[in-house]
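Asks: Chain order of the listed sequences is Z and A.
With the numbering used here as the guide, the letters of the first sequence map in order to residues 1 to 187.
With the numbering used here as the guide, the letters of the second sequence map in order to residues 1 to 187.
Please keep in mind that the hints were generated in silico from the structure rather than gathered at the bench.
Heads up, a few of these hints could be off.
[To be verified] The list that follows gives simulated cross-link-like pairs (lysine-lysine, PhoX-like), each with its CA atoms no further than 20 Å apart: (1) A:46 to Z:71; (2) A:47 to Z:47; (3) A:166 to A:92; (4) Z:92 to Z:166; (5) Z:166 to Z:181; (6) Z:149 to Z:166; (7) A:67 to Z:59; (8) Z:97 to Z:47; (9) Z:46 to Z:92; (10) A:71 to Z:47; (11) Z:71 to A:47; (12) A:71 to Z:71; (13) A:62 to Z:67.
[Said to hold, decoys possible] Derived list of chain A stretches under chain Z, where covered just means 3 residues or more per stretch with a C-beta under 8 Å from a C-beta of chain Z: (14) 42 to 53; (15) 60 to 68; (16) 75 to 84; (17) 106 to 118.
Note that the coordinates shown come from a computational prediction; the quantities given were computed from them, not determined experimentally.
No residue lacks a Cβ here, since even glycine has one placed at the ideal position from N, Cα and C.
2 protein chains.
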Amino acid sequence: MQYPNNIKKNFTKLNISHSNRGMDLENALNISNDYYLKNDIALIYKKPTPIGVVDVSYKNNKKTIEKAYFKEQSTLDYNGLYRGKYIEFDAKETLNKTSFPLSNIHAHQTLQIRNVIKHGGIVFLIIRMNNITYLLTGEDYIKYIDTEKRKSISYNYIKEKAYVIKEAYRPQIDYLSIVDKIYFKGE
Amino acid sequence: MQYPNNIKKNFTKLNISHSNRGMDLENALNISNDYYLKNDIALIYKKPTPIGVVDVSYKNNKKTIEKAYFKEQSTLDYNGLYRGKYIEFDAKETLNKTSFPLSNIHAHQTLQIRNVIKHGGIVFLIIRMNNITYLLTGEDYIKYIDTEKRKSISYNYIKEKAYVIKEAYRPQIDYLSIVDKIYFKGE
Chain Z
1 MQYPNNIKKN FTKLNISHSN RGMDLENALN ISNDYYLKND IALIYKKPTP IGVVDVSYKN
61 NKKTIEKAYF KEQSTLDYNG LYRGKYIEFD AKETLNKTSF PLSNIHAHQT LQIRNVIKHG
121 GIVFLIIRMN NITYLLTGED YIKYIDTEKR KSISYNYIKE KAYVIKEAYR PQIDYLSIVD
181 KIYFKGE
Chain A
1 MQYPNNIKKN FTKLNISHSN RGMDLENALN ISNDYYLKND IALIYKKPTP IGVVDVSYKN
61 NKKTIEKAYF KEQSTLDYNG LYRGKYIEFD AKETLNKTSF PLSNIHAHQT LQIRNVIKHG
121 GIVFLIIRMN NITYLLTGED YIKYIDTEKR KSISYNYIKE KAYVIKEAYR PQIDYLSIVD
181 KIYFKGE
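Next up, chain Z with everything else stripped away, as it sits in the complex (with noise of 0.2 Å):
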């Protein structure tokens, strides 16, 4: 189908402003990556999730999976390489709005957490709530669960001490930029 140059303009910006607002984080960060290694600014991939085949099937050749079932990642799901760096997040959402369940990071996840930094990488939570894109640095999220012993962050907590996110147009979700801030300061 052929529109007027200008109607297809049009059409097109709304349907980008109307596709990010319903833009989950996860598909948020995806694109940013992807942007982010076009550019040659970072080398930064979701992990795939990991899976229990149960029954497989070969037909002319090619594996297929019959039954499997989805198992529980052992990291978090983002790491990669930035300026020389080992970087390692996960991105996290919540509806609630005075508190983060702490029920969204597992055991295994705040160990690993606790192990980046040991081993001197780079390693943080990114947060939206109420609508806005927090980071939260590895180490202000273990200095809380380490302090305060409760099934949530406090909302206060975030805003006092995680970095905002603006949300751009490309990359949607700059988190580097923060990365920048934080862990580059006068490089």
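Starting from the known structure of chain Z, fit chain A onto it as the hints suggest.
Replies: Showing chain A alone in chain Z's frame:
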């Protein structure tokens, strides 16, 4: 079934030695990485194989994959963090005695090797051929494919450039001792 204690022991020992002999490279590396993790030496994981899910079912709130297929990894299979540095590598075995066929390494993996070098990470291939396990640096791999326009790496090149990873008991494939020599000289 119950065995008298001494028989059970011998049986277990036999099993272990047999399984080690037949143990494939991937399995041996996973066990070595597990050793590094448990002994707080490094955080290195094999990435799950990505899949394309075609069909799922739900039963008692449990999601089961009813049909899916394996996809190709766009990175190398293993990555992680060691002594503050980003590490990525892949492991390949060949029964070929005189050359390592480059069909084992996909174009996007070669691109990933170039990218990790460019962004300041440590990247290499672990190659098992002629019953010896070698570590070939990403730099030497790229040098070869950029100068020799061949479909395989000659075994002579591997013998000349790659480092032999001696098989040991714990960890079985102590590739990080080679990484120390190459990338952390004198540190």
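Asks: Run every hint past the structure and note whether it holds.
Replies: Here is how each hint holds up against the structure:
1. About 14 Å separates the Cα atoms of residue 46 of chain A and residue 71 of chain Z, which keeps this hinted pair within 20 Å; it holds.
2. Only pairs whose Cα atoms come within 20 Å are accepted, and residue 47 of chain A paired with residue 47 of chain Z is accepted, the gap being roughly 6 Å.
3. Only pairs whose Cα atoms come within 20 Å are accepted, and residue 166 of chain A paired with residue 92 of chain A is accepted, the gap being roughly 16 Å.
4. As the CA atoms of residue 92 of chain Z and residue 166 of chain Z are separated by approximately 16 Å, the hinted pair is consistent with the 20 Å bound.
5. Using a Cα cut-off of 20 Å, the hinted pair residue 166 of chain Z and residue 181 of chain Z holds, with the two alpha carbons roughly 14 Å apart.
6. For the hint linking residue 149 of chain Z to residue 166 of chain Z, the alpha-carbon distance of about 31 Å lies beyond 20 Å, and the restraint is violated.
7. Taking the CA atoms of residue 67 of chain A and residue 59 of chain Z, the gap is near 14 Å; set against the 20 Å cutoff, the hint holds.
8. Taking the CA atoms of residue 97 of chain Z and residue 47 of chain Z, the gap is about 29 Å. The hint is violated against a cut of 20 Å.
9. Proposed proximity of residue 46 of chain Z and residue 92 of chain Z is supported: the alpha carbons are some 13 Å apart, at most 20 Å.
10. With a CA separation close to 13 Å, the supplied pair residue 71 of chain A and residue 47 of chain Z stays within the 20 Å bound.
11. Taken as a hint, the residue 71 of chain Z and residue 47 of chain A pair is honoured in the structure, with Cα atoms around 13 Å apart against an allowance of 20 Å.
12. For the hint linking residue 71 of chain A to residue 71 of chain Z, the alpha-carbon distance of about 18 Å falls within 20 Å, and the restraint holds.
13. Our distance criterion of 20 Å between C-alpha atoms is met by residue 62 of chain A and residue 67 of chain Z, whose separation comes to about 13 Å.
14. Proximity of the stretch 42 to 53 of chain A to chain Z, defined as three or more residues with a beta carbon under 8 Å from a beta carbon of that chain, is established by the 8 residues found.
15. Coverage of the stretch 60 to 68 of chain A by chain Z holds [criterion: at least 3 residues with CB-CB distance below 8 Å; count 7].
16. With a cut-off of 8 Å between beta carbons, the stretch 75 to 84 of chain A has 7 residues touching chain Z; three or more are needed, and the interface restraint holds.
17. Using a Cβ-Cβ cut-off of 8 Å, 4 residues of the stretch 106 to 118 of chain A lie near chain Z, which meets the minimum of three, so the contact claim holds.
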